Amino acid sequence: MIVSSMAEQTENHQNGSDGPFHPFADAFSYLTEVIHDMCEEDLIQGARDVTNLFHGQHIEAFRYLKMNPISCGIKLYAIKALYRHLALEFVNCRSDSILTCAHLHNALIQEGYMQGRWRDMEFVHRAQDESNMYAGAAPKSTDDYYKRFSLAVLGFSVTNFARNRRRPHNIALKANGHRVLEKRTPVSDAFFMQYCFQQDRKNLSAQELLDVLGTSKRKAMVGALEGEEALMCDIAIPKDLPREPKASKKARRAVTPDISPAGALCKLRRSLEGESLELSLDYMMMHRLCTRVLFSVRDAVATQMQDLYGTVPRQERGLPMVVMFILSTLVTGKAKSKVNILPFRKDGYQGVGEDLMRKAAAAVVEVTSKKQDQRGCIPGTELTHGEIVIARAHRFTGWVYHIHHKDMEY
Numbered sequence: 001m002i003v004s005s006m007a008e009q010t011e012n013h014q015n016g017s018d019g020p021f022h023p024f025a026d027a028f029s030y031l032t033e034v035i036h037d038m039c040e041e042d043l044i045q046g047a048r049d050v051t052n053l054f055h056g057q058h059i060e061a062f063r064y065l066k067m068n069p070i071s072c073g074i075k076l077y078a079i080k081a082l083y084r085h086l087a088l089e090f091v092n093c094r095s096d097s098i099l100t101c102a103h104l105h106n107a108l109i110q111e112g113y114m115q116g117r118w119r120d121m122e123f124v125h126r127a128q129d130e131s132n133m134y135a136g137a138a139p140k141s142t143d144d145y146y147k148r149f150s151l152a153v154l155g156f157s158v159t160n161f162a163r164n165r166r167r168p169h170n171i172a173l174k175a176n177g178h179r180v181l182e183k184r185t186p187v188s189d190a191f192f193m194q195y196c197f198q199q200d201r202k203n204l205s206a207q208e209l210l211d212v213l214g215t216s217k218r219k220a221m222v223g224a225l226e227g228e229e230a231l232m233c234d235i236a237i238p239k240d241l242p243r244e245p246k247a248s249k250k251a252r253r254a255v256t257p258d259i260s261p262a263g264a265l266c267k268l269r270r271s272l273e274g275e276s277l278e279l280s281l282d283y284m285m286m287h288r289l290c291t292r293v294l295f296s297v298r299d300a301v302a303t304q305m306q307d308l309y310g311t312v313p314r315q316e317r318g319l320p321m322v323v324m325f326i327l328s329t330l331v332t333g334k335a336k337s338k339v340n341i342l343p344f345r346k347d348g349y350q351g352v353g354e355d356l357m358r359k360a361a362a363a364v365v366e367v368t369s370k371k372q373d374q375r376g377c378i379p380g381t382e383l384t385h386g387e388i389v390i391a392r393a394h395r396f397t398g399w400v401y402h403i404h405h406k407d408m409e410y
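Residue numbers are given in the UniProt record's numbering: position 290 of the sequence shown equals residue 290, and the series is strictly consecutive.
Please keep in mind that the hints were generated in silico from the structure rather than gathered at the bench.
All values reported here derive from a predicted model rather than from experimental measurement.
Please note that a few of the clues may not be correct.
Here are the computed lysine to aspartate or glutamate pairs in the EDC-like style, where the Cα-Cα straight-line distance is at most 16 Å [as the list claims (entries may be wrong)]:
hint, residue 1, residue 2
1, K359, D299
2, K75, D42
3, K183, E208
4, K183, D129
5, K183, E278
6, K359, E111
7, K75, D37
8, K140, E111
9, K183, E275
10, K140, E130
11, K267, E208
12, K66, D42
13, K80, E33
14, K75, E33
15, K183, E89
16, K66, E40
17, K75, E40
18, K75, D189
19, K80, E273
20, K75, E41
21, K80, E275
22, K80, D37
23, K183, E130
24, K80, D189
25, K66, E41
26, K80, E278
Whenever a hint applies, use it, and build me the whole structure from the sequences.
What follows is the structure, given as structure tokens:
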């Protein structure tokens, strides 16, 4: 599935996708070779042939791996982790299609323009931190849709929305740019360098061990800080975590639970199992799906965007501007945001935002509800485009994914 996903991404680029690709072409080739060496070629049999060992004896292919499930698990982890790392790097340097679709989908759901479920997007929400995707909690008001999209996807500075700021002529941008998708598997990532790059490391750091044991205060601290509101604009802006002073051995011993080695291994197993589905999320496939959705939305609102905004993006990298146009027009008709990309305000914008939202919702539903036969995921069944990613993750993890009707939960 990984090789086919990379091949599809390469084909997609050759068919007109813009953006940097050459470094990733080399990375795709490298990972394909790694997968071939690990899964498709019996290296031990090659060594037997070269050394003429066991000449004339029949030894079944991949006998070593069949007798060593631990080695199989390590190889599978290395492939998954390398691909997830490569996919996130690829997605984060492109057009932010996943984040853009997440903001549009949230606005459509909150405003009641979409009733059905986009299971793949819900899966991404669970895998990623909501405060990172939306620059705070998921927005629920018209003005917040626009503000959070500007902060998280376009990289606007929070000072643009300060209460005491006059209407700016120039838009201030954040020094660190827009938000990106992040790895959210701390326990699995503790073994990344060791098994993916053969780093000579045989122990865990204190923080990694606390994550495994489930006693880390870091997650609680993150939640508390990301829930704080910025005074200047009432938008929850995540802040950097304060660096904790180095604790003494006595203090560290006090917060470390008294647990046996067997108990620690059980917790490690449960932690890795809990992260396995997230580790199997195909961000590259999700990026392609979201790009198709955004192109469909662009086509649906192209006429009005040309009339009001003056231009319509033709390339993938301009797709976030389509969603910004929709949310900005909605804000112009309903709210009083200080920053707006429309050339000027006029009464003629009343009702245009609602019409754009209806067209966007219809385009999203049309793409995500379309049936596609994915026999590589669930043999003999049909999936919609809106649940391909989660089905592939289940299949790659070895779990069973059931087709769900509208009245069923997963």
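Taking the hints in turn, this is what the structure says about them:
Our distance criterion of 16 Å between C-alpha atoms is met by K359 and D299, whose separation comes to about 10 Å. Of the supplied pair hints, the one linking K75 and D42 holds, its CA atoms being roughly 13 Å apart against a limit of 16 Å. Between K183 and E208 the CA atoms are separated by roughly 15 Å; this keeps the pair inside 16 Å, and the hint holds. For a cut-off of 16 Å, the pair hint linking K183 to D129 stands: about 10 Å separates their Cα positions.
Proposed proximity of K183 and E278 is supported: the alpha carbons are some 9 Å apart, at most 16 Å. With a C-alpha separation of about 13 Å, the suggested pair K359 and E111 falls inside the 16 Å cut-off, and the hint holds. For the given pair, K75 sits about 10 Å from D37 by alpha-carbon distance, which is consistent with the 16 Å threshold. At most 16 Å may separate the alpha-carbon atoms for a hinted pair to count; K140 and E111 meet this at roughly 8 Å.
Restraint check for K183 and E275: the C-alpha separation of about 11 Å stays at or below 16 Å, so the hint holds. Between K140 and E130, the direct Cα distance comes to roughly 13 Å. Compliance with the 16 Å bound is thereby established for this hinted pair. Distance restraint check for K267 and E208: the Cα-Cα separation of roughly 13 Å lies within the 16 Å cut-off, and the hinted pair is therefore satisfied. Our distance criterion of 16 Å between C-alpha atoms is met by K66 and D42, whose separation comes to about 12 Å.
Of the pairs offered as hints, the one joining K80 and E33 holds, with about 14 Å between alpha carbons and a cut-off of 16 Å not exceeded. This hinted pair checks out: K75 and E33 have alpha carbons roughly 13 Å apart, not beyond 16 Å. Only pairs whose Cα atoms come within 16 Å are accepted, and K183 paired with E89 is accepted, the gap being roughly 11 Å. Distance hint between K66 and E40 is fulfilled; the C-alpha atoms sit about 14 Å from each other, no more than 16 Å.
Between K75 and E40 the alpha-carbon distance is near 12 Å, which keeps this suggested pair within the 16 Å criterion. For the hint linking K75 to D189, the alpha-carbon distance of about 15 Å falls within 16 Å, and the restraint holds. Between the alpha carbons of K80 and E273 the distance comes to roughly 14 Å, so the proposed pair stays at or under 16 Å and holds. At most 16 Å may separate the alpha-carbon atoms for a hinted pair to count; K75 and E41 meet this at roughly 13 Å.
In summary, the hint linking K80 to E275 is supported, as the alpha carbons are separated by about 12 Å, within the 16 Å threshold. In summary, the hint linking K80 to D37 is supported, as the alpha carbons are separated by about 15 Å, within the 16 Å threshold. Using a Cα cut-off of 16 Å, the hinted pair K183 and E130 holds, with the two alpha carbons roughly 13 Å apart. For a cut-off of 16 Å, the pair hint linking K80 to D189 stands: about 11 Å separates their Cα positions.
Proximity of K66 to E41 is assessed by CA-CA distance (about 14 Å); at most 16 Å being required, the pair is judged to hold. About 10 Å separates the Cα atoms of K80 and E278, which keeps this hinted pair within 16 Å; it holds.
Hint compliance for this structure: no hint is broken.
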